[in-house]
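Novice: In case you want the letters, here they are:
Number of protein chains: 2
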Amino acid sequence: MFHFNNIILASGSPRRKQLLKQIGIDFTTEISGIDESIEFDLSPERIAKYFAIEKARKISIKFPKELVVGADTIVVCNKKILGKPKNDKESFDMLSMLSGKTHKVITGVSLQCLDKSINRTFHETTKVTFITLSNSYISYYINTYKPFDKAGSYGIQDWFAVCVKKIDGCFYNVMGLPLAKFWKEISKL
Amino acid sequence: MFHFNNIILASGSPRRKQLLKQIGIDFTTEISGIDESIEFDLSPERIAKYFAIEKARKISIKFPKELVVGADTIVVCNKKILGKPKNDKESFDMLSMLSGKTHKVITGVSLQCLDKSINRTFHETTKVTFITLSNSYISYYINTYKPFDKAGSYGIQDWFAVCVKKIDGCFYNVMGLPLAKFWKEISKL
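First to last, the protein sequences are chains A and B. Numbering-wise (my numbering), the first sequence opens with residue 282 and increments by one. Numbering-wise (my numbering), the second sequence opens with residue 282 and increments by one.
It is possible that some hints are incorrect.
Put simply, identical chains are the same to the list, so a pair is met inside one copy or across any two.
[As the list claims (entries may be wrong)] Listed next, the in silico BS3-like pairs over lysine-lysine satisfying Cα-Cα at most 30 Å (straight line): (1) 465 x 385; (2) 365 x 339; (3) 427 x 469; (4) 370 x 447; (5) 469 x 397; (6) 382 x 408; (7) 370 x 343; (8) 446 x 385; (9) 370 x 360; (10) 361 x 302; (11) 302 x 469; (12) 408 x 298; (13) 465 x 427; (14) 385 x 302; (15) 302 x 408; (16) 339 x 427; (17) 370 x 465; (18) 370 x 397.
Just so you know, the hints here were simulated from the structure itself, not pulled from any lab data.
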């Protein structure tokens with residue numbers, strides 16, 4: 282009843298792997314290696330979906346029989362898109378910008394299987410509110426956790442949890458995969 | 282800077298242990314074994330705090346030098362308090378009641394140290410909205426996960442995540458300990 286075969290996760294994110302395991306999905310992973318630095322004049326939702334589609338497509342071409350899952354998570358604050366920080370300074374600037382405010386986390390997800398003509402893409406948005414972060418909190422976090430592989434420069438599943446006042450929406454979307462919506466879509470296939 | 286010594290968690294909950302570890306707290310655990318079946322004519326918030334206080338107090342008397350953390354989580358739907366289900370039928374009834382609705386999860390937390398006259402108690406409330414649960418989803422979940430040690434009969438951190446449409450508030454409060462508020466309170470000591 283709740284079993285899906287031959288799923289490939291087109292992502293190297295340890296969080297996404299952990300989430301698929303949590304809901305009992307058997308899968309393998311392949312890293313797409315697409316260029317995520319391209320900038321577009323599109324809405325954040327369309328950008329997240331664009332990268333999710335590109336990641337899934339790149340792997341789907343190599344494995345046309347399998348169901349490939351691509352996903353991309355972005356953080357939006359004051360209409361500015363925050364990707365992964367390149368260094369300590371970018372990380373500090375991002376967390377300073379997010380301090381005491383509510384921002385949006387958008388994950389785009391694409392499900393593709395060439396042989397079965399499956400091509401579904403959707404997104405989920407969650408609002409996240411931080412406490413006011415002191416400089417010492419921000420420095421402690423960057424030095425200890427090196428959040429350079431995370432959009433917005435934080436991981437809601439590590440120590441940074443103590444800085445998250447509230448969320449409004451799907452928690453797992455903030456970790457990188459909106460589990461409720463993902464399950465609903467995959468169950469339709 | 283972010284270090285607390287000699288903390289005792291007055292709880293056997295594996296979720297609470299995991300959460301304290303997540304935020305880097307060193308602790309040991311002692312199980313209070315208090316009777317949680319007592320019923321009161323009090324508000325849900327006061328009941329959660331009452332049990333948190335009782336758990337912490339029972340351990341604090343034995344270890345008067347240490348800081349003891351007691352916590353109690355309850356689920357409230359349609360003004361009815363849902364504790365831990367005793368069997369399959371109670372579990373089925375609880376999940377059927379929660380299906381498609383928004384309910385409240387309240388965790389009371391008590392911090393106590395006899396020798397230092399520390400006695401702080403607070404609570405946090407999170408709203409949780411479920412998708413509409415089919416009977417087959419409910420049966421699958423009960424049979425596979427046996428959620429009998431969980432208030433409201435579900436664990437937001439296991440497969441059941443796919444049934445949680447959204448939350449409004451602190452996610453970790455639903456798991457059993459409101460990390461942001463807990464950190465804020467413990468930092469004041």
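Novice: Each hint needs a verdict: does it hold in this structure or not?
Specialist: Going down the list of hints, with the structure as the test:
no.: 1; hint: 465 x 385; result: both (22 Å within a copy, 24 Å between copies)
no.: 2; hint: 365 x 339; result: within (21 Å within a copy, 47 Å between copies)
no.: 3; hint: 427 x 469; result: between (39 Å within a copy, 27 Å between copies)
no.: 4; hint: 370 x 447; result: within (26 Å within a copy, 34 Å between copies)
no.: 5; hint: 469 x 397; result: within (14 Å within a copy, 58 Å between copies)
no.: 6; hint: 382 x 408; result: both (10 Å within a copy, 20 Å between copies)
no.: 7; hint: 370 x 343; result: neither (38 Å within a copy, 48 Å between copies)
no.: 8; hint: 446 x 385; result: both (14 Å within a copy, 17 Å between copies)
no.: 9; hint: 370 x 360; result: within (21 Å within a copy, 49 Å between copies)
no.: 10; hint: 361 x 302; result: neither (32 Å within a copy, 34 Å between copies)
no.: 11; hint: 302 x 469; result: within (20 Å within a copy, 38 Å between copies)
no.: 12; hint: 408 x 298; result: both (23 Å within a copy, 27 Å between copies)
no.: 13; hint: 465 x 427; result: between (34 Å within a copy, 23 Å between copies)
no.: 14; hint: 385 x 302; result: both (26 Å within a copy, 27 Å between copies)
no.: 15; hint: 302 x 408; result: both (25 Å within a copy, 26 Å between copies)
no.: 16; hint: 339 x 427; result: within (29 Å within a copy, 40 Å between copies)
no.: 17; hint: 370 x 465; result: between (40 Å within a copy, 26 Å between copies)
no.: 18; hint: 370 x 397; result: neither (46 Å within a copy, 41 Å between copies)
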